[in-house]
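Could you slot chain B with the ligands onto chain A? The hints should help.
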Amino acid sequence: MLFIKVILREFKSQKLRMALTVAGITWGTISITLLMAFSVGLEKQMMKSTYGLGKGIVILWPGQTTLVYEGLPQGRIIHFVPEDLDLIKEGAPGIDKISGEYLRWGVVVEYGKKQISKLVSGVYPEFEELRSHYAQVGGRFINELDFKHKRRVVYLGFGVAKEIFGDKDPVGEVILLNGIPFTVIGVMVKKLQNSNYHGPDEDYLVIPASSFVMIFGDPYFDNFVYSVKEGVDTKDVEKSLFKLLGAKYRFDPNDRHALWFWDVKEQAEVTSKAFFGINLFMWFIGGMTLLIAGVGVANIMYVAVRERTREIGTKIALGAEKKHILFQFMAEALAIAFAGGLLGILFSMVVCKLFRMLPLEGPLELLSQPTVNWPVAIITVITLSIIGFVAGFFPARKAASINPVEALRYE
Amino acid sequence: MDNGKLISLKKITKTYQTGRIEVKALRGVDLDINKGEFLAIIGPSGSGKSTLMNIIGCLDIPTSGKYYLDGQPVEDMNIHKLASIRNKKIGFIFQNFNLLTYATAYENVEMPLIFAGKPGRIRKEKIMECLSSVGLADRAEHKPTELSGGEMQRVAIARALANDPEIILADEPTGNLDSRSGGEIIDLFEKLNQAGRSVVTITHDMNIASRCHRIIRLKDGLIESEKNNHQ
Ligand SMILES: Nc1ncnc2c1ncn2[C@@H]1O[C@H](COP(=O)(O)OP(=O)(O)O)[C@@H](O)[C@H]1O
Ligand SMILES: [Mg+2]
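Chains as they are written, first to last, in the numbering used here: chain A, 23 to 433; chain B, 173 to 403.
So that you can see chain B by itself, here it is in the shape it has in the complex:
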């Protein structure tokens, strides 16, 4: 759409109502993310990072404001369209991996392909391709409990990649990992970004943030500052 703008947020607010208490998690966020960008979101705990990420990922809807995805207003989309966007356009990665513990790495990666209605033969090809791209082709039959934290997160990345998403959204992906495994995850993100995917990651680790193109700092539900890294 308009000169490569993938995501455009206008005055996004989000208010949670818990009983009589209102929590203003976001209080008017304006943010544009371009195609192919590598963006870090930082900020103290409770500043609204996850809330913002969930809205970008079409998991949550803003209380007010406009969200354009590829120039299309998200508020006009029905639940099937939103599910399809989460399935094909977006790849989610979580701090605690959220793998199915009783399923193998292979079966975990298979899930989004099943939701996409892909036939078995194509699924198999795609799963092995994704597992190879994170260096875990030989671990296809392993269960999460038989993998290290770094490996689990790589399985989760393979799962996020299954339907060739345009955007990777990662909420503190290295939060549960040691620095070496965390570094490997960011290496992978860099590789994915170089291959043309947009990557948005929430992080507390300034070493990681400094490897991104742009850093957004959230505080109390607002963008406090923004910084471009020119290498």
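So here's chain A without its partners, still in its complex pose:
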């Protein structure tokens, strides 16, 4: 193909310039695709670990009043009781699932000769979904029957399981909690979790709320965990809870300190927005590199036009129209842009493959999922096309406006 020959000849006659330009485009493409790939992967991992605590949940703690209300003094401590669950379910229809949570630190956990001190949490079956407490194969989380019959069953964080049982399968084994026997029904699957409110989930034990009350006798919940229905604004639910619980416990619905909320959903949205900002910044950097490379392409094409003036004149004498001349130079510029782009994309894909193969642990695990996805690839191709097009257009226009008589006159 003549077209390819022309480009190869261009490579030969402008070696250094061509190499630098192609390298520039390759580098620009790599920075865009890799940065994008890593940020897509990083965002995915970040979201996953944010959701490790629970997908779009809110945690609610009782607080202390700071406003005088209906003749009652400030400084009163609010307590949540099990009956509040029904009250909330009825009064705040925006809530999808809700569970109370009892906590007790320093419970003595015994198995054979092993004895450790751990946090135990008493919860409702809804907790499984709410807090992504999924059991490994062969086990399960606490269910309705466990709750109803106040069964002495326990579900372990994978860290606790490892600590007590090592590599042995804990399901079916009996452990003692403050001397009372509990049967292990499940162990949590490993999950990424970047936030918590009483230590990572891997590090405590979970039993039914009913059994918890029976053994430890706690009258009050430590906190609620709930999720809202699709399309419901968590802020609206907060407001209705202030009203609802304010009416019951007689505090001012505007008393910000009577109830404490941690909106994980909102936090996830903030994370997502932050990533959008980072992405934008990365695009800017990659885009600037490509822009500079684009100027390089234009430069090469200008030189090519000058060196091929005679050829252009000959072509016009042989009947070439402007479009033929334009097309030739535009196509060349695009080909150079795409050659660099292709190299860049291939290189990025190799890097992503390698990263996926690396056994990254701990915080580095966040970097383990770079993804060259379709949007990244398509946007890169479009960007390269625009650069090739613009870089080719002006030299090509110059070529097409060459006066053939002048071009053919000189040797």
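I should point out that these hints are in silico values taken from the structure, not numbers from a laboratory.
Each residue gets a CB set at the ideal place from its N, CA and C atoms; glycine is no exception.
Be careful, since some hints might not be right.
To be verified - In silico DSS-like pairs for lysine-lysine, Cα to Cα no more than 27 Å straight-line:
#: 1; chain 1: A; residue 1: 420; chain 2: B; residue 2: 296
#: 2; chain 1: A; residue 1: 27; chain 2: B; residue 2: 182
#: 3; chain 1: B; residue 1: 296; chain 2: A; residue 2: 37
Unchecked claim - Which residues of chain B face chain A? A few of them, derived with a C-beta cut under 7 Å, are:
#: 4; residue: 226
#: 5; residue: 231
#: 6; residue: 259
#: 7; residue: 264
#: 8; residue: 274
#: 9; residue: 283
#: 10; residue: 284
#: 11; residue: 321
#: 12; residue: 323
Said to hold, decoys possible - Covered stretches of chain A (chain B as the covering partner; in silico rule of three or more C-beta atoms under 8 Å from a C-beta of chain B):
#: 13; stretch: 336-346
#: 14; stretch: 419-430
Just chain B with the ligands now, with coordinates in the frame of chain A:
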């Protein structure tokens, strides 16, 4: 049109403006060229031969005067029409061949066919036909650097013939060739002319000029003399 007149130039002038200096390259040329004619243009260097040739070839436009091609005023034609005339009606041949050095003989001949928008199958046939007619069918895959000067000029002639032009315009086609190769080129021109094509060639070589039907001598942008060769 009017009794076989292919080209009719009336009081053609061409003035080049280079900064403040005006160069009157042509100063009122009247010239008719008939269909099937074999014409030589001679004259000293700088007398305006190339300028005249470029105007005849629709590459350049005169400063004043009228040019009728097949009875049609060229000044009324748009750029597409002019490109099409250069492509199909006229075959240009240059002193220094102007072949694409990185392309094969085949690809060089292909160029005007591509500009004409001919499909690949037809192009192939036509290219081989043209290369055969200049005796270079076996050199199709050779690059200009692998050919002698005479062969390069023959490739250029094959290229000029690709779209079956009515007129061949050659600006000192033998200027860079030894006399034997130059003779071969003129033999080819004679053959093309006998097949019915008009041939106009600029030359310094009186041996070549004497083989043409008519000789025009230019001097200082004017036709100084005209001579008919009756064999
Ligand atoms: N593009 C141009 N700009 C300025 N002067 C030109 C240009 N082309 C030709 N000339 C001048 O016009 C005159 C005729 O040139 P040309 O037609 O090339 O002569 P010839 O081909 O007979 O040697 C010369 O004096 C030349 O310098
Ligand atoms: Mg000349």
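Evaluation of the provided hints:
1. Restraint check: the Cα-Cα separation between residue 420(A) and residue 296(B) comes to about 32 Å, which exceeds 27 Å; the hinted pair is violated.
2. Only pairs whose Cα atoms come within 27 Å are accepted, and residue 27(A) paired with residue 182(B) is rejected, the gap being roughly 45 Å.
3. At most 27 Å may separate the alpha-carbon atoms for a hinted pair to count; residue 296(B) and residue 37(A) exceed this at roughly 34 Å.
4. Residue-level restraint check for residue 226(B) holds (minimum Cβ-Cβ distance to chain A is 5 Å; threshold 7 Å).
5. Because the closest C-beta pair between residue 231(B) and chain A is about 5 Å apart, less than 7 Å, the hint holds.
6. This hint holds: residue 259(B) has a C-beta 2 Å from the nearest C-beta of chain A, less than the 7 Å allowed.
7. Interface hint status for residue 264(B): upheld, as the beta-carbon distance to the closest one in chain A is roughly 5 Å, under 7 Å.
8. A least Cβ separation of about 5 Å between residue 274(B) and chain A falls short of the 7 Å threshold, and the interface hint therefore holds.
9. Taking 7 Å as the C-beta contact cut-off toward chain A, the hint placing residue 283(B) at the interface holds, the least distance being around 6 Å.
10. Because the smallest distance between the Cβ of residue 284(B) and any Cβ of chain A comes to about 5 Å, under 7 Å, the interface hint for this residue holds.
11. The interface hint given for residue 321(B) is violated, since its Cβ lies 15 Å from the closest Cβ of chain A, which is over the 7 Å cut-off.
12. Evaluation of the residue 323(B) hint against chain A yields a violated restraint, the C-beta minimum of about 18 Å exceeding 7 Å.
13. Counting residues of the stretch 336-346 of chain A whose C-beta sits closer than 8 Å to any C-beta of chain B gives 10, which meets the bar of three, so the coverage hint holds.
14. With 3 residues having a beta carbon nearer than 8 Å to a beta carbon of chain B, the stretch 419-430 of chain A meets the requirement of three or more and the stated coverage holds.
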